[in-house]
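Modelling step: build the complete structure from the supplied sequences, incorporating the hints.
Protein sequence lines, in the order shown, are assigned to chains A and B. Going by this note's numbering, the final residue of the first sequence carries number 110, and the count climbs one at a time with no gaps. Going by this note's numbering, the final residue of the second sequence carries number 1113, and the count climbs one at a time with no gaps.
Hints were generated in silico from the structure; no laboratory data involved. Source: prediction; values computed, not measured. Treat the hints with care, as some may be off.
Partial pick of chain A residues on the chain B-facing surface, computed with a CB cut under 10 Å [stated by the list, open to error]: (1) Q6; (2) A42; (3) V50; (4) A89; (5) L98; (6) G103.
Away from chain A, derived, C-beta distances all over 10 Å, residues of chain B [said to hold, decoys possible]: (7) T1013; (8) T1017; (9) K1070.
Note that the Cβ used here is the ideal one computed from N, Cα and C, for glycine as well.
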Amino acid sequence: GQNIDQPTEMTATEGAIVQINCTYQTSGFNGLFWYQQHAGEAPTFLSYNVLDGLEEKGRFSSFLSRSKGYSYLLLKELQMKDSASYLCAVSKAAGNKLTFGGGTRVLVKP
Amino acid sequence: DAGITQSPRHKVTETGTPVTLRCHQTENHRYMYWYRQDPGHGLRLIHYSYGVKDTDKGEVSDGYSVSRSKTEDFLLTLESATSSQTSVYFCAITDPGLDAEAFFGQGTRLTVV
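Given below as structure tokens:
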């Protein structure tokens, strides 16, 4: 089976940094995706990690440790528009099927 | 934006009735998926398809069936709707590459009363 855990909710201040952790236990791991989902909208792709290490994309960075079954998404210079849910998803090598964690709702306050 | 549309966007139906949700894409992606999203559970895979007439079950497939007769259309049918199937349903498409991102439709909010 697969188990993916991430915190339910986090609150941060505009301009600050927030780190969202994701731990997973799975067989057939291929890579790890992060998606952003605003309330009432579809998820949209943020990042993909397949190798250990940090991937940086502007204000967002994602880290993966395959040996530890651990990833995090780092959001820097937070803006009000970053208030959303952030979904951690593991993909298996066969068929690109994604297994999602429950999502972390981030609330950015002024 | 990926050309992926779901219909209907909202539906209220009665327990015991059949319901079909449609996912239509204009991107010619081979892989298509149906997920449901419920509070506390995140997105869960219902069924998926790797091509025309090639479908398989996901983790929560009981009570659902799918069909894919054309590359661009993936239909999800609730054979006899139950209140536990009240949810938001998302269709997703992707290419076969292992690092291919999934593109999601806007979702269908289904309420079974």
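So, going through the hints one by one against the coordinates:
{"no.": "1", "hint": "Q6", "in the structure": "9 Å, holds"}
{"no.": "2", "hint": "A42", "in the structure": "4 Å, holds"}
{"no.": "3", "hint": "V50", "in the structure": "6 Å, holds"}
{"no.": "4", "hint": "A89", "in the structure": "8 Å, holds"}
{"no.": "5", "hint": "L98", "in the structure": "6 Å, holds"}
{"no.": "6", "hint": "G103", "in the structure": "5 Å, holds"}
{"no.": "7", "hint": "T1013", "in the structure": "21 Å, holds"}
{"no.": "8", "hint": "T1017", "in the structure": "26 Å, holds"}
{"no.": "9", "hint": "K1070", "in the structure": "20 Å, holds"}
Checked against the numbered hints given earlier, this structure breaks none of them.
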